[in-house]
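Visitor: Residues per chain, in single letters:
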Amino acid sequence: MSSILVYVATQDGKIKRSSLEVLSYCKRLSEENGLSLEAAVLDADPARFTDKIASYGPSKIYAVKNPAFSNHLASALLEGLSSLISKINPRLLACASTESVKEVIGALGARHNAGVIPDVASFAIQNGSVNAERPVMSAKVLSKTSSSSDLVLVSVRSGSYDAVESPAETTVETIEFDFETAALKSLLKEVISSAGDKVDLSEAEVVVAAGRGIKDEQGRKLIEDLADSLGAAVGASRAVTESGLFPATLQIGQTGKVVSPQLYFAVGISGAIQHVAGMANSKVIVAINKDADAPIFQYATYGLVGDLFKILPLLTEQIRTYKAS
Amino acid sequence: MEDKFDCIIIGGGIAGLSAAMTLARNNAKFLLIERGEFSGAKNVSGGVLWGEGLSKLVPEYWNDEDAGFERYINHRRLTFMDGDSTFSIDFKSESFNEQPYKGIIVLRSKFDNWLSEKVMEAIEESDYADESFLAPNILVEEVLMDGGKAVGIRAGEEKFYADSIIIAEGVNNLLTRQVGLQNKYVPADALAVGVKEIIRYDQKVLEDRFQLNGLSGMSNEFIGTATQGVEGGGFLYTNKDTISFGLVLSMISLRDSGLKPYDILNEFKAHPVLKDTLKGGEVIEYSAHAVSTGDMKVMPKEIYSDGVLVAGEAANLLMNSGKAIQGMDYAMHSGILAAETIVEAKTKKDFSAGTLKNYRTKLEDSFVLKDMKNFQGAVDFLHSKQMFQTVPGLVCDFGKQFFSIKNEPTPKTREMLSKSVKKHSSYWELLKLGLKGARSL
Amino acid sequence: MKFSVCIKQVPDVSAPLTIKDGNLSQDTDRMVLDAYSASAVEEALVLTDKHGGDVEVVLVGPDKAKETIRKALAMGAATGVHIVVENTSGLDSAAFAEILAAWHKKSDYDVILTGKQSQDTDAGLTGGMLAWKLGLPYAANAVGLTYDEAASAIVVKRQGDSGQEMVELKTPCLVTCSNDMNDPRIPSLKGIMQSKRKKVETVQLSDLGLELDALSGTVSQTQVHGFKEVPGREPGKKFEGDAEELVSNLMNLLENEAKVL
Ligand SMILES: Cc1cc2nc3c(=O)[nH]c(=O)nc-3n(C[C@H](O)[C@H](O)[C@H](O)COP(=O)(O)OP(=O)(O)OC[C@H]3O[C@@H](n4cnc5c(N)ncnc54)[C@H](O)[C@@H]3O)c2cc1C
Ligand SMILES: Cc1cc2nc3c(=O)[nH]c(=O)nc-3n(C[C@H](O)[C@H](O)[C@H](O)COP(=O)(O)OP(=O)(O)OC[C@H]3O[C@@H](n4cnc5c(N)ncnc54)[C@H](O)[C@@H]3O)c2cc1C
Ligand SMILES: Nc1ncnc2c1ncn2[C@@H]1O[C@H](COP(=O)(O)O)[C@@H](O)[C@H]1O
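Chains as they are written, first to last, in our numbering: chain A, 1 to 325; chain B, 326 to 766; chain C, 767 to 1027.
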């Protein structure tokens, strides 16, 4: 009852930065509230992550091991987290709001009779209840939501907190997890990764996002060139993923991914609220749009009013020169 | 034709909804088609719904928990303006607090939607609860004719039939032209463009600034530099915690000026006196919409024919007298009269022009056509160049002299007037103007 | 095959919105069919067109929400179920899932569809909670659905963390739908007319053995205490000019001011 458990998500052999953001914040939260901080990593080979996790200062790491965890299988994650909850009985389970977490957190909450506060922008523990602020109404406003249930599950939007290392004495408990896939009524048949996914979008430090303004193949090429010169991940608005110019996995926004890079380029994107919901946590936002009144300029650190077809080639060239020197 | 209706109404604006309400109350089987996602989605008015008409359509609407209006009017102001001054005629009366209200301020997206809900309730209570419909999000592309008689409508691939059609499509009356009641080509001088912003304030600030009390509200019309010399005028109406603020500009005059409506609006807002009135607000919406100038010369040739009636602004029923625009009350009343005519035709089982002609008669006998005829002169007068250029300048100039105290011998009021007149016009011009004005009122 | 689609009525989030004393207020009080629920309805209609079967929509909400059920019926759903709860303000996703679970325990279905989240709360919990309560296999955030008749299974294309995942679910099952899955159809005139003759079953909480007090008091485990503005970003710099000028300005700022290159 006296611990905060942080689920640390991994993907393709890497810890998700957003998980470390949560872990880092929970370190502070645990100290302020006299709770212990524990972390859990569920993977085919969890041992490879424990050192890194330890540097964020949990007193204990549960390294839960089963090959199924590396297979994107929701039921495996659900069962794994569920058994940890039963074992540890934490006050609070916190995790980054990844797609996998979004898929299981409702069922997990129902199963353990927990209060679930999903997709929060911030949270704290006050007088025994968990208080959070989360975007609602198409991310137009924040709602103040709380739960005073014995167990509360919170998922946190990426970029809400900074990941700061703060090592402490850590013990690791390895758990060989038993998970029977044979009886499952759901079966993961295939994972289609798109070619655009060279750099993981949700974790990228630099993102170049394309909007309807890129129009066609030629515009797409300009975006890819710019991303290439910056070593950036490519993202897109719904208008573009819908048109098929970029795959749906690259959609950023309310129904797509939430990103929080250091540098975000919004190219030919008008700045609809549903798109902004997915990128407003970016540190520096550069907007390129020919319409001086486009709403995106309200969010941009640097706004360039002009034609992307003229600006991008020059920009890419200058970045290449800069990087070369 | 199991689905044949007594009437199909095209357009779910004020005219269409008022007709629908009347049909539902009289147990007619009808279909109302609105192209917007919902009634009011794209409709724009300043907007004051003048008169007591609504209380007849929706009795005691003010007791409705969520009645679709913002405020009622008990304070009216008419402002003349030049470059740096304003001169207002201001009238406020406690007697206007009584219900039924003499005018209510509405936001169309909310008001039309509310009214459509009221119509749905009326349908539920009618004999045709399951056979009368409000159908949003559908565009009527054609009125189907058979031997010169309107018999139905086509929307996309779908066709529906009825004994009668009420066209309530608003100012862009394409279908009225299609059925031949209006010339295909309507001259541009029959049209104006309205631009409007909704500006939000803290409700307390708004109430203090405009001396509002409870649901009371103010209407303010503007004549003069508001429009940068373009023929037209401005308006300001107080909503609950926003104001509707905008201009109505003659299309021709606007074209000749080469100015953009939005720029004129910004200049209007920047006027030194208005700047203070408006300060601290946040613009939350901008819209533009065509509006008729209410000139009787461009009314449809006729507003009824075999199986079809035209109501509201589609029939050019609107009056812009400078002290008010009356389009919504005219739309409401004509919608009601059109529906009443259909109900009579249904009883007589005769939807020919002969019966439907009664609509014209009713309209002639009502305030709608009476006022439009009587005040045609006033409207022409208002749209004359003197009215939006010379007069405001003269009035403000007089104001500057009359209200300034200079510690030197003060001229008599008459001398001040004559000085202003000399500056802005000749006596002869003014006399002509005065005569013209007096004749038209 | 019978689809049961859970649909929610939500405020029109595109209408201007302000916060007054911590409460939300909107100029229009217009309520609409949740966009994610609408995509779920659309998908069910497409699949039943192809493979046969019926679509039933289920809504928990006040009397006035009936027009939202009519909208789904006008789109083409065959029947509607209206579980009437006049005041839903104290209910969270857990409570809606509890009510929907109680209903589905007494009704028959092969596939339950929900939206992946709702446009008003953006919670994204009801589907998973409902699946758990009914013991159904499920998948979330679907962007495509097909039915494998031979295997009696729904094949879900879902948006995962690293790419799209194809998941096969044996019926009965539950899927939560993204609005990226399709464009919901606009009801035709015929659809609108037929909708009034379609059956809408009205169900009270007591018919399901539930009580509102318990649902808001103990089943709901979260409470909303009010709303606040999203903190705005610091106003930035906006440049106009020719492309060369714009780019060199930007390079300079990225390098020397923001220091992010
Ligand atoms: C429930 C729901 C969920 C949604 N979820 C998402 C989501 O997750 N992500 C998302 O992105 N959207 C989402 N949307 C859609 C969203 O509302 C917008 O429609 C979408 O973001 C618009 O994309 P865009 O900005 O690329 O296109 P547009 O709005 O069409 O903007 C194109 C811009 O390009 C500019 N432009 C054109 N040519 C040039 C040029 N040559 N040079 C420079 N600029 C140019 C134009 O000025 C314009 O501003 C959602 C909508 C709904 C209803
Ligand atoms: C800026 C501005 C300020 C104004 N201020 C005032 C004021 O203060 N007071 C006042 O009384 N009046 C005012 N008016 C005028 C008033 O708005 C109109 O006179 C009034 O709206 C006319 O009502 P209506 O029902 O005839 O037409 P509308 O309100 O225009 O309704 C017509 C409806 O028909 C629908 N429609 C059109 N074609 C089709 C089709 N083919 N198929 C299906 N549906 C169709 C439209 O979507 C619309 O909903 C103002 C107008 C403007 C532009
Ligand atoms: N009151 C309700 N009635 C019917 N379905 C609902 C209701 N609330 C939520 N749902 C369904 O659950 C989905 C996600 O809900 P939420 O957990 O609120 O984000 C919605 O898109 C609906 O499909």
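Worth flagging that the hints you see were computed from the coordinates, not collected in a lab.
Be aware that a few hints might be false.
[Claimed, not checked] Distance condition first, Cα-Cα at most 25 Å in a straight line; then the derived PhoX-like pairs of lysine-lysine:
hint	chain 1	residue 1	chain 2	residue 2
1	C	K994	B	K529
2	B	K484	C	K1004
3	C	K1004	A	K310
4	B	K417	B	K509
5	C	K832	C	K871
6	B	K737	B	K698
7	B	K443	C	K871
Visitor: Are any of the numbered hints broken by this structure? If so, which, sorted upward?
Guide: Numbers 2, 4, 6 and 7 - these are the hints that the structure violates, sorted from lowest upward.
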